[in-house]
Every structure is written in C-alpha cells, then in structure tokens.
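K.L.:
Sequence:
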Amino acid sequence: MRDVDIAVVGGGIIGCLVGREVTGRDPRARVALFDRDVVASGASRRSAGLHFPRGATDRVRRLSAHSQAAYARLAAEDPALPIHPLRMHMLSADPARIERTYLPTARAVPAGQVPGGLVAVPEGTGVWTGQGCQYADVGALTEALARTLRPRLALREATRVTAVTPGPADVTLRLSTGEALTASRVVLAPGPWLADPAWEPLVTPLGARVKKIVALHVDRAPAPDDGVIVFEDEDAFLLPLHHRGHWLFSYTCQEWDVDPDTLATGLSAGDLTEALACLNRYAPALAGRTTSGRVFCDAYSPTREPLVRPLDDAGRVVFAGAANGSGYRLAPAIAAEAADLLHIARPEGQRNAA
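Residue numbers (my numbering): 1 to 354.
Note that these hints are calculated values from the structure, not bench results.
All figures in this text were calculated on a predicted structure; none of them were measured in a lab.
One or more hints might be untrue.
[Unchecked claim] No more than 16 Å apart at the CA atoms, straight line, and that leaves these computed lysine to aspartate or glutamate pairs for EDC-like:
| no. | residue 1 | residue 2 |
| --- | --- | --- |
| 1 | Lys212 | Glu274 |
| 2 | Lys211 | Asp137 |
| 3 | Lys211 | Glu305 |
| 4 | Lys211 | Glu179 |
| 5 | Lys212 | Asp137 |
| 6 | Lys211 | Asp259 |
| 7 | Lys212 | Asp226 |
| 8 | Lys212 | Asp259 |
| 9 | Lys211 | Asp257 |
| 10 | Lys212 | Glu179 |
| 11 | Lys212 | Asp261 |
| 12 | Lys211 | Asp261 |
| 13 | Lys212 | Asp257 |
| 14 | Lys211 | Asp226 |
All chains should be built: construct the whole structure from the sequences, respecting the hints.
P.N.:
Now the structure itself:
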C-alpha cells in the first residue's frame, strides 16, 4: 500500500499552491508536502512579488490571466492576505510592444507622464497606464497558505528528499530522516535547486538553468498612492513596497549557472554597477539612496515559458517550475497545470490555464 497519493517536493509559493490545488480538487487525496527548510525559505522569501497582466508569449499570457483571476479569488476569500493592488505605469519606446505584451484586462492607455516626479522619461519613450497590477509579501502569503493546508495534508518541514526513484506503479522517496515513502505521483517544485542530487538526473534533460536575481532597495518611503513603474525596454521595474516602507528596483542580471546554496553573499560591486547604470537612466535622484538590496536566483527554461511536464515515462513524476523569475506571478496557473498532469479532475466549470 502506498504511503500517500501525491507528494509535493518544495514548500515555496508554487509547491504550496500545488498542494492547495490538489486538495481542493480531491479532498480525499492523501497528500504530503516536503521542504528542506521551513516553507517560503527560498526564492519565495526573496521575491519582489509583482504581478502584472502581461506575457511575451500566448501561453504566458494565458497563465497570467489564470493567475490574476486566482489571486483575485484568494484576496476576496481572505482580505487579510498580503496581496495589495497597485497602480501601474509602463515605459517603452515601442508602442507595439505594449499592445502585444499586455493582456486586454490591463486596459493600457497612453499617459503624458509618470506622476510623482520620480522618473525622467527619455526622449522618444512613451508612457502608458494599466490596470490589474498587484504585489504580495510572497513569504508571508506562502506561510498563510501553508497554515490553511495543515489540516488538509502532511506538511513535512526540514525534511529533505534525498532520492526520487520512479517505478511503473509508484515513486519511492528517500528522506533525510532515514524514512522511505511511496507515492502514486510526485510533483517536483524545487525552485532554483535544479542540481539537487535527489532529482538532477530527472531534471537535467529539461535544459533549465539557474540565473542570479538582484534588486536594490531604495531608501525612500513610497506615498500611499504610488504604483509600480515598469521599464519595458530594460526588463526592469520600480516597485513601492508599502509594507516595508521603501522602494525596490529590479533589473535584469545576466549571471548564469549559480548555486542557490552558495549565493547568499550579499551585493557585489558588479551588481551595484549594473543596477545603478540602469536606474540612473530613469531616476538618477534615487540612485544615491540605494543603501541595500536582495540577492538570490531562479530557474529559467530554454523557451522562457514555465516548465510543467512529466519527467518519467510513466508520468508519475511531474516538474513544476522554471518560471523565469515569475514564480509568484504565474504560480496558480502552474499549479493547475501540474494537477492536470496528475489526472485530478478540475471542479466543474473551471477552465484550463493553458
């Protein structure tokens, strides 16, 4: 007899939403969720937590739309969750890019300027306003989700999975506690820990890589009505973190194949140089107020679309992740796709994410 029906490996935002999706579809399913640490200790803890209704491909736009609706339902069910609506302004020198990338629900319309005087709009660059944007304290949200999951599944924190062995009838997991556990199916949601020996042979064929992510903290308190400013052509944004009392500037770092277990060494001189060069182009007054920041990493897929697919011939091990820095933004849709691959029926009337 199998120990559980579904095992979820990874207690970040994606893993917890997989647990929620599975137990919501089938309350009788025996589910266990494992994390090497406490929940939300990895990329979720360090996430900027920005959601906006956009996507570079048709599939990502569908995932974004699904996730936007899912987060709206979550916030309506529990208004105390740390999900905060935001105003949004987008800058680009390419109007077609805005039209192509943003969902109709964003209702992007031209604007004359960015309010508040924080940003200087370069000549030839347009400004748009949009709707449907929000940000979350992803660590706190993940912990809140885990709290609601405790009565519905076995939450095994600080329990590392040391081996994943798929077979024709079930999957065997070896645990750091010395236990062996069998599951009918397993969802791997490891975040940037792609190279963990427990599953590296299964994951390597996906071709995903781990990229460093850097954001600066700007020591200026946002006003209550300040919103996010998206620099489309730079793949960067300025986000007011109202709950922390400062702004966050995220830019695109191009340092690849990093190790999440050795990365927490703080901001480097190179990180600061690259980030400030970008910030100075738009908000030089803020560049001198960047007193701190955050550094971590995420898994990126070859197509820049999240990977949700079986890893073995029998389809008993499903990978869910490599969301390219958009794990929070797309997590509900990724969880729904993973549950589909587990052959757990959706509630009547619920549409597919993709």
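K.L.:
Compare the structure with each hint and give your call.
P.N.:
Quick rundown of the hints versus the structure:
1. Lys212 <-> Glu274: holds, 13 Å
2. Lys211 <-> Asp137: violated, 22 Å
3. Lys211 <-> Glu305: holds, 15 Å
4. Lys211 <-> Glu179: violated, 33 Å
5. Lys212 <-> Asp137: violated, 20 Å
6. Lys211 <-> Asp259: The hint holds at about 9 Å.
7. Lys212 <-> Asp226: violated, 28 Å
8. Lys212 <-> Asp259: holds, 9 Å
9. Lys211 <-> Asp257: holds, 6 Å
10. Lys212 <-> Glu179: violated, 34 Å
11. Lys212 <-> Asp261: holds, 12 Å
12. Lys211 <-> Asp261: This hinted pair holds, its Cα atoms lying about 13 Å apart.
13. Lys212 <-> Asp257: holds, 8 Å
14. Lys211 <-> Asp226: At roughly 30 Å apart (the allowed maximum being 16 Å), Asp226 and Lys211 break the hint.
Going through the hint list in order, the structure does not satisfy hints 2, 4, 5, 7, 10, 14.
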